[in-house]
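Participant: Take the sequences, apply the hints, and build the full model.
Residue numbers (our numbering), protein chains in the order written: chain A, 1 to 276; chain B, 1001 to 1250; chain C, 2001 to 2284.
In short, the hints are calculated from the structure, not lab data. Check the hints yourself; a few may be wrong.
Straight line, CA to CA, 20 Å or less: simulated EDC-like cross-link-like pairs of lysine to aspartate or glutamate [said to hold, decoys possible]:
no.: 1; chain 1: B; residue 1: 1008; chain 2: B; residue 2: 1063
no.: 2; chain 1: A; residue 1: 151; chain 2: A; residue 2: 106
no.: 3; chain 1: A; residue 1: 4; chain 2: B; residue 2: 1178
no.: 4; chain 1: B; residue 1: 1065; chain 2: B; residue 2: 1055
no.: 5; chain 1: A; residue 1: 267; chain 2: C; residue 2: 2099
no.: 6; chain 1: C; residue 1: 2006; chain 2: A; residue 2: 90
no.: 7; chain 1: B; residue 1: 1092; chain 2: C; residue 2: 2092
no.: 8; chain 1: B; residue 1: 1190; chain 2: B; residue 2: 1178
no.: 9; chain 1: B; residue 1: 1065; chain 2: B; residue 2: 1026
no.: 10; chain 1: A; residue 1: 151; chain 2: C; residue 2: 2005
no.: 11; chain 1: A; residue 1: 4; chain 2: B; residue 2: 1076
no.: 12; chain 1: B; residue 1: 1125; chain 2: B; residue 2: 1191
no.: 13; chain 1: A; residue 1: 267; chain 2: C; residue 2: 2107
no.: 14; chain 1: C; residue 1: 2224; chain 2: C; residue 2: 2243
no.: 15; chain 1: A; residue 1: 175; chain 2: C; residue 2: 2005
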Amino acid sequence: MTGKNLTQSAAFLALRAAAIITLAVLFIIIIYIMSNGLRHINTSFFLQGPTSMGRDGGIAPFIVSTLYVSAVSLVIAAPVGIGSALYLSEYSKGGLPVRIIRFCTETLAGIPSIIFGLFGFVFFVVSLGMGWSVLSGGLTLACMVLPTIIKTSEEAIKTVPETYREGSMALGATKWQTIVKVVLPVSVPGIITGIILSIGRAVGETAAVILTAGSSLRAPVSITDPGRTMSVHLYVLTMEGISNEKAFATAAVLILFVLGINYAANKTATFIRRKV
Amino acid sequence: MKPAITIKNLNFYYRQVMALKNISIDIPANRVTALIGPSGCGKSTFLRVLNRMNDLIEGTRIEGKILFNDTNIYKDMDLMKLRKKVGMVFQKPNPFPMSVYNNIAYGPRLHRKISDKELDGIVEKSLKSASLWDEVRDRMESSALGLSGGQQQRLCIARCLAVQPEVLLMDEPTSALDPVSTAKIEELVKDLRDKFAIIIVTHNMQQAGRISDYTAFFLNGEIVEYGATREIFHRPVDKRTEDYITGRFG
Amino acid sequence: MRSHEKWVQGILFILATTAVLTVLAITFFIFSEGLPIMVDRGVTGFIGSTRWEPLSGSFGILGMIIGTIQITLGAIALGVPVGLACAVYLAEIADRRLEKILRPGIELLAGIPSVVYGFFGLSVVVPFLREHFPGNGFSILAGSIILAIMILPTVVNISENSIRSVPGDYRSASLALGASHWQTILRVILPAARSGIAASVILGMGRAIGETMAVIMVTGNVTKVAGSIFDPARTLTGNIAIEMGYAAGEHREALFATGVILFLIIMVLNFSTTRFSRKAGDVK
Chain A
1 MTGKNLTQSA AFLALRAAAI ITLAVLFIII IYIMSNGLRH INTSFFLQGP
51 TSMGRDGGIA PFIVSTLYVS AVSLVIAAPV GIGSALYLSE YSKGGLPVRI
101 IRFCTETLAG IPSIIFGLFG FVFFVVSLGM GWSVLSGGLT LACMVLPTII
151 KTSEEAIKTV PETYREGSMA LGATKWQTIV KVVLPVSVPG IITGIILSIG
201 RAVGETAAVI LTAGSSLRAP VSITDPGRTM SVHLYVLTME GISNEKAFAT
251 AAVLILFVLG INYAANKTAT FIRRKV
Chain B
1001 MKPAITIKNL NFYYRQVMAL KNISIDIPAN RVTALIGPSG CGKSTFLRVL
1051 NRMNDLIEGT RIEGKILFND TNIYKDMDLM KLRKKVGMVF QKPNPFPMSV
1101 YNNIAYGPRL HRKISDKELD GIVEKSLKSA SLWDEVRDRM ESSALGLSGG
1151 QQQRLCIARC LAVQPEVLLM DEPTSALDPV STAKIEELVK DLRDKFAIII
1201 VTHNMQQAGR ISDYTAFFLN GEIVEYGATR EIFHRPVDKR TEDYITGRFG
Chain C
2001 MRSHEKWVQG ILFILATTAV LTVLAITFFI FSEGLPIMVD RGVTGFIGST
2051 RWEPLSGSFG ILGMIIGTIQ ITLGAIALGV PVGLACAVYL AEIADRRLEK
2101 ILRPGIELLA GIPSVVYGFF GLSVVVPFLR EHFPGNGFSI LAGSIILAIM
2151 ILPTVVNISE NSIRSVPGDY RSASLALGAS HWQTILRVIL PAARSGIAAS
2201 VILGMGRAIG ETMAVIMVTG NVTKVAGSIF DPARTLTGNI AIEMGYAAGE
2251 HREALFATGV ILFLIIMVLN FSTTRFSRKA GDVK
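Facilitator: Spelled out as structure tokens, the structure:
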């Protein structure tokens, strides 16, 4: 009798312990980095550039690079991704083309970032002659976030009720008009969630960016200039042992950014839920 | 004859709604008791009170006494032990995604360490009692999901029998089955009656008439009338019972 | 209006093929840069030798393959039990308050950049190991610990989905037979969910194998094969990332060849996941 209950209590205790351990790890990481990093952050950290190779000064050019590279990647990946999602959910009739596209999307999602880095280097930097630049980095990142945008956009589009489409078509609208005026507006929150998540991924990416956007200390002006993103800067600071304080500060900025992204993604997700 | 289960003044609530009102009834052992009545009148709810499956639903409350072997099943009885003694067969057959053998062996393995030989014996006996042995003896290791609907339901019955219950609760066990399988299960119920108290919820009045010894008529959460099946069907006392049986409503 | 529709469909189709073209391009370029040296020197020599000395022209990646396997297995050993336990907890017995923090928490874990994980590992885990265990802290164990944390979200999410999609009928049947909740979980629900759980483990492995930055920062990147979990090691990804900055000529080709091997390993893993997902469909 109690034997069974004892086993169950012990088992459930272990399960609860696993959940608590997971949360504990998360809190330790965040608190450790924030507590050591926040004290080195002030406004000049965000507004100034680095001096003596990053031992002093701020990370302003790196913030610029990060924004620039992410923007380029999204400008490319969003239309392609949303368009692909539209094709897959609204126009295709299944069969071989669709299966190949889906298979390739899944494959892309699983390719390691270093491989993307190698590819970006050979293709964008060398073959197409773009050199280490925001453009090369942005294009490479676009390839990496494409699967995420396709998947989340497709999900968002699929949840639009069929009745909306039927209503629109019954009024004489073409398929494309229905998509633009009815389907897309309704799926916008879901698509935006996917884009927000992709921004998070793009900003945190290091291996692919370091091989394609370079690691110049100056802020990029044109799209063909090289640039160092915040993640790459953290990596360089750490591996070359330049400055522990600045490393903590940069890491803290990155953590703040992740917290912000997650918060934004959750807000749009709850917005969707409330509408439904 | 001592009743298998005694229910006294049972009230059952789903949050604010009173689903069962003042039910008092003795379920006889070694007999088949049918529960009939229109949809949504509490028959299944009542059944699930008897093996405390309603405990799984949030917001349910119960008043009154339910005695099984003189023990209050809500206060003084170990939940797992109760469910061994009071088995349940569901409306939709729900065999586990395992082999036929492992489905039947599941119950006995739960409660104690048991030798393979003893297990083999229990499995064979249960399948024979459920009239399924001949059909599956050569495919004991194959997946139970590969059996037909009627076979799956008999498998579920065998699975119940393997833990040696005293009471069998059956919640519309044939409503998802074809007529041939239904007939087989009705035969089975008649065979099992001598060894167990069987309570069967059914929408099919002819079925109740065919296989049960006693019948309880449920209406709006109450038992309007309860008695020997012959009496209920041929000489109902309450007008509502008569109206239901003659098809004036329900 | 008909032709207008055809244009739209055409454009969208072309956009949709971008994913396909990208995969093809990646495969083409990686292979074309990396295959020649393997063909020249022989594949067995490349994969089978542990001598990696670019300066003398020896390129054997067996040491890196072993290092990747060691760290990945360690990550699985640490991450899967915790992840599976969290998944069971969330799907079966979570109490509201803990669940409300746990879910966003796991999403957060998934969002932290790998370089930040590496930085944390370097600042906390490595010194800790150095103090209490043999070696200087840069080790397989450090890599496994950090990778285990990184694959947690993958394992938890996919396993939880798998557990949740086990039909409620099985649960009712088990409980009605007198089983406890835990017995039901252990004997019916987890076995029924096993293909999904296996898929989550394989995806976790893929993630661990493909991880670069976090691993570089904590495993020491020594090319000698590790003898114990406290020894340093180098992974395939680490090999590429570290030397790519200054490699030229044959050396660079060898790095691309490392990429080819890495790519193939990941592809094989991805194939086996699809195999597992199809199996789950068959059972029902």
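Participant: Each of the hints needs a verdict: does it hold here or not?
Facilitator: Hints, verified against the model:
As the CA atoms of residue 1008(B) and residue 1063(B) are separated by approximately 9 Å, the hinted pair is consistent with the 20 Å bound. Between residue 151(A) and residue 106(A) the alpha-carbon distance is near 9 Å, which keeps this suggested pair within the 20 Å criterion. Distance hint between residue 4(A) and residue 1178(B) is unfulfilled; the C-alpha atoms sit about 40 Å from each other, more than 20 Å. Restraint check: the Cα-Cα separation between residue 1065(B) and residue 1055(B) comes to about 16 Å, which is no more than 20 Å; the hinted pair holds.
With a C-alpha separation of about 18 Å, the suggested pairing of residue 267(A) with residue 2099(C) holds against the 20 Å cut-off. Distance check on the hinted pair: residue 2006(C) and residue 90(A) sit about 13 Å apart at the alpha-carbon level, within 20 Å; holds. Between residue 1092(B) and residue 2092(C) the alpha-carbon distance is near 23 Å, which puts this suggested pair outside the 20 Å criterion. Distance check on the hinted pair: residue 1190(B) and residue 1178(B) sit about 19 Å apart at the alpha-carbon level, within 20 Å; holds.
Restraint check: the Cα-Cα separation between residue 1065(B) and residue 1026(B) comes to about 12 Å, which is no more than 20 Å; the hinted pair holds. Restraint check for residue 151(A) and residue 2005(C): the C-alpha separation of about 24 Å exceeds 20 Å, so the hint is violated. Annotation: proposed proximity of residue 4(A) to residue 1076(B) holds, straight-line Cα distance about 17 Å (limit 20 Å). This hinted pair checks out: residue 1125(B) and residue 1191(B) have alpha carbons roughly 14 Å apart, not beyond 20 Å.
Straight-line distance between C-alpha atoms of residue 267(A) and residue 2107(C) comes to about 14 Å, which keeps the hinted pair within the 20 Å bound. The suggested pairing of residue 2224(C) with residue 2243(C) holds, with an alpha-carbon distance near 16 Å, which does not exceed 20 Å. Restraint check for residue 175(A) and residue 2005(C): the C-alpha separation of about 7 Å stays at or below 20 Å, so the hint holds.
Consistency with the previously given hints fails for numbers 3, 7 and 10, ordered from lowest to highest.
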